[in-house]
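The listed protein sequences correspond, in order, to chains Y and R. First residue of the first sequence: 1, per the working numbering; consecutive thereafter. First residue of the second sequence: 1, per the working numbering; consecutive thereafter.
Since the hints were made in silico from the structure, they are not lab data. One or more of the hints may lead you astray.
[Claimed, not checked] Subject to a maximum C-alpha distance of 20 Å in a straight line, what follows is the list of computed SDA-like cross-link-like pairs (lysine to any residue):
id : chain 1 : residue 1 : chain 2 : residue 2
1  : R       : Lys89     : Y       : Gly338
2  : R       : Lys213    : R       : Glu244
3  : R       : Lys209    : R       : Ile301
4  : R       : Lys245    : Y       : Gly338
5  : Y       : Lys80     : R       : Ala294
6  : R       : Lys272    : Y       : Tyr190
7  : Y       : Lys80     : R       : His304
8  : R       : Lys97     : Y       : Gly338
9  : Y       : Lys80     : R       : Lys209
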Amino acid sequence: MQEEKTRGKWGFRFTPVRLVMLAISVAAILVILVRLTVGLSMTNMNDQWPWGLWIYFDVLLGVALAGGGYSTAFIVSILKVDRYESIARSAMLTSLLGYLMVVLGLIVDVGQWFNAWRPFISWGHHSVLFEVFLCVALYTMIQLLEFGEIATEKIFKKYHKYFVASMPVLLIIGVTLPTLHQSSLGELFYIMQGKLDPLWLSPVIPICFLLTSFAVGPAMIALETRLAGRALSHKPDIPVIRSLIRISGGVLSVYFVIKMVDLVVRDQIGNMFAGTFASNMFLLEIGAGVLIPIILAFSKAAATNAGQIWFGCMTVGGLVLSRFNMMTGLGGYMNASGASYFPAWTEITVSVGLVCIACLLYLFIAENFSIVGAHGHGVEHKRKHKVDVPLQDTTTIQA
Amino acid sequence: MKKEERAKKLSRRSFVKLAGGATLAGTALGIAGFPGLAQAANSAEDGLNKSNAVLVDIPKCIGCESCTVACKVSNELAFNQQEQAKTAKERAEEPGKGLVSGTWTSINLYEPVIKGETVRRFVKNQCFHCHQPACASACFAKALYKTPEGPVVYNQYLCVGCRYCMMACPFDIIRYEWEQAIPGISKCQMCVEKVEAGETPSCVSACPKGALKYGKRADLLREAKERIAAKENGVSYIGDVFGEKEAGGTSWLYITDVPFEDMRFRTDVTTKPLPSYTENYMKMTPIIGVSWAAILSGIYIFTHSKNSKKKSTESDQ
Chain Y
1 MQEEKTRGKW GFRFTPVRLV MLAISVAAIL VILVRLTVGL SMTNMNDQWP
51 WGLWIYFDVL LGVALAGGGY STAFIVSILK VDRYESIARS AMLTSLLGYL
101 MVVLGLIVDV GQWFNAWRPF ISWGHHSVLF EVFLCVALYT MIQLLEFGEI
151 ATEKIFKKYH KYFVASMPVL LIIGVTLPTL HQSSLGELFY IMQGKLDPLW
201 LSPVIPICFL LTSFAVGPAM IALETRLAGR ALSHKPDIPV IRSLIRISGG
251 VLSVYFVIKM VDLVVRDQIG NMFAGTFASN MFLLEIGAGV LIPIILAFSK
301 AAATNAGQIW FGCMTVGGLV LSRFNMMTGL GGYMNASGAS YFPAWTEITV
351 SVGLVCIACL LYLFIAENFS IVGAHGHGVE HKRKHKVDVP LQDTTTIQA
Chain R
1 MKKEERAKKL SRRSFVKLAG GATLAGTALG IAGFPGLAQA ANSAEDGLNK
51 SNAVLVDIPK CIGCESCTVA CKVSNELAFN QQEQAKTAKE RAEEPGKGLV
101 SGTWTSINLY EPVIKGETVR RFVKNQCFHC HQPACASACF AKALYKTPEG
151 PVVYNQYLCV GCRYCMMACP FDIIRYEWEQ AIPGISKCQM CVEKVEAGET
201 PSCVSACPKG ALKYGKRADL LREAKERIAA KENGVSYIGD VFGEKEAGGT
251 SWLYITDVPF EDMRFRTDVT TKPLPSYTEN YMKMTPIIGV SWAAILSGIY
301 IFTHSKNSKK KSTESDQ
């Protein structure tokens with residue numbers, strides 16, 4: 001009886017940083033409400049730049065950075081590498097929140113948002129976007145169900161056993177779907193023949209998108225465990241993250257080779273050094289975002305706290321650049337007509353606000369459910385690390 | 001007759017879709033996808049010649065803009081004062097070549113210098129109505145479709161508003177109703193009702209100089225080549241018909257005596273139909289998805305059985 005009560009306790013600590021994030025979130029929600037009623041005239045998107053910050057940032061980046069969910073699910077739950085278990089839940093939660101923000105971002109971006117369900121009925125099965133739509137929608141639902149396994153440890157406990165039983169199926173579908181749509185997000189651009197800069201326009205775009213989204217998973221975990229660790233007073237597990245970083249480095253090496261072979265085959269290798277804005281951005285993307293992380297991953301630095309943070313920043317930065325460069329690669333063509341685009345304050349507010357909402361939700365869930373450092377599916381979870389302040393309640397009852 | 005045929009084809013397609021919906025989403029994609037794509041490939045060449053088209057003879061155009069007015073009137077599009085105030089030359093220099101939401105066609109004036117002499121040419125600008133449209137292929141809600149008669153038609157009822165069609169369009173023709181609370185796209189519908197009823201599109205009917213000609217695409221293509229060869233009225237045409245091969249062939253064809261690139265035509269556009277770049281990928285996806293899921297299940301079963309054995313031996317000790 002007593003245990004039930006303490007377990008059911010809810011809490012959320014308000015720190016100055018969190019209050020700022022809350023304020024930005026509220027501002028973003030207000031902008032979103034206005035946008036949904038008055039249309040897209042409040043943005044700087046135009047006929048030459050039909051896709052703006054919301055697509056490149058919220059959708060492309062959101063989906064890619066949430067890739068940590070499926071890459072860890074693959075490593076931990078399918079390959080069953082147990083030593084990574086301690087980070088599985090936080091990676092999954094980040095992924096779930098990432099996707100929820102992507103879906104919200106998409107609804108804000110599309111003109112007839114009330115029609116967002118339409119493709120479920122009216123199948124444009126020839127469109128790459130159709131696949132992205134189906135997979136993202138289904139995967140978000142799968143992730144919600146996966147989270148159900150965690151949530152039912154605290155609320156609606158009698159359903160917990162059903163969630164535990166369905167986890168294998170959810171996990172397998174939950175790795176298959178992201179593999180498909182991570183690559184399809186890249187393939188979206190392949191129809192823009194002659195518009196996208198030849199440095200990026202390649203038949204291997206889907207493979208590039210898939211590999212980078214997989215590789216960024218450990219980098220996100222390396223950063224996220226530090227950030228969440230600070231907020232939740234949880235120490236990162238350096239050896240575990242180190243071996244994850246090695247996997248990431250391996251994937252990035254494969255990616256680098258594919259990218260170079262692709263450039264040679266398409267006879268574009270010389271264009272890398274053309275000195276144009278696009279080619280410089282390309283060099284930056286490959287140099288700072290791929291080569292440096294590979295070197296860091298296989299050096300001794302990967303075993304240090306600072307080295308892991310650097311690896312995380314460089315890899316995530318490289319991914320941000322690689323997705324942003326889809327915009328760079330198209331920008332040359334779009335601006336040639338005399339058009340230009342820079343996001344309006346409304347667009348920036350919504351994009352930043354969505355990140356804040358995700359962070360706040362993460363903190364709230366991490367403080368109220370068993371996420372950080374939790375072990376195993378369901379019933380028994382021992383906490384490996386001593387956790388103080390906010391998680392006190394849960395730890396005491398578990399002890 | 002034609003309408004019935006189309007309805008039949010559509011209902012067959014939706015039946016396949018329904019049947020597919022009962023099975024796994026991935027498998028269903030395969031079932032619905034294959035017959036549709038195969039059908040499209042076989043009839044592509046055939047359909048291209050049978051469909052209707054418009055031939056634009058650029059040297060014949062005097063820039064009277066009867067066509068643009070006729071378009072506004074017959075499609076009940078509002079006249080926009082700001083747009084009205086622009087000259088044909090200003091429109092030609094705009095990023096959007098004079099096309100904005102609610103303006104489906106524009107007449108633009110180009111003044112290239114040919115052999116030391118400035119020449120004035122008016123170009124009518126509107127949707128090219130590709131035979132295999134990138135926009136329709138890119139649409140994930142089937143809000144855009146090509147009719148067998150020629151027009152590429154938009155149905156706002158199904159539109160989600162993702163604007164992928166705009167990104168995919170090789171000629172950058174599609175405009176968005178940015179100022180509307182509930183926006184849709186805006187583009188020439190080639191007077192689809194008239195065309196289906198066997199009539200001529202409004203702009204063509206309005207042209208007083210015969211710069212526009214409507215008919216079967218195969219006939220118009222032949223005529224275009226004849227005009228080029230005959231140097232009709234002393235005009236020395238350039239050898240190519242724009243739209244014959246561009247983006248896999250379009251329903252609007254252009255002939256000119258001034259290089260197309262001097263009049264902002266996208267002459268570097270691919271001659272391969274744009275949907276063909278992504279349709280193989282979409283064909284492969286369900287197969288890859290199902291096999292990947294099978295591989296994952298295999299690994300899962302393997303790793304978990306091995307693990308449970310290990311655990312049980314541990315507990316025995």
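Inset, instruction - Identify every previously stated hint that the structure contradicts and give their numbers, smallest first. - result: 3, 4 and 9
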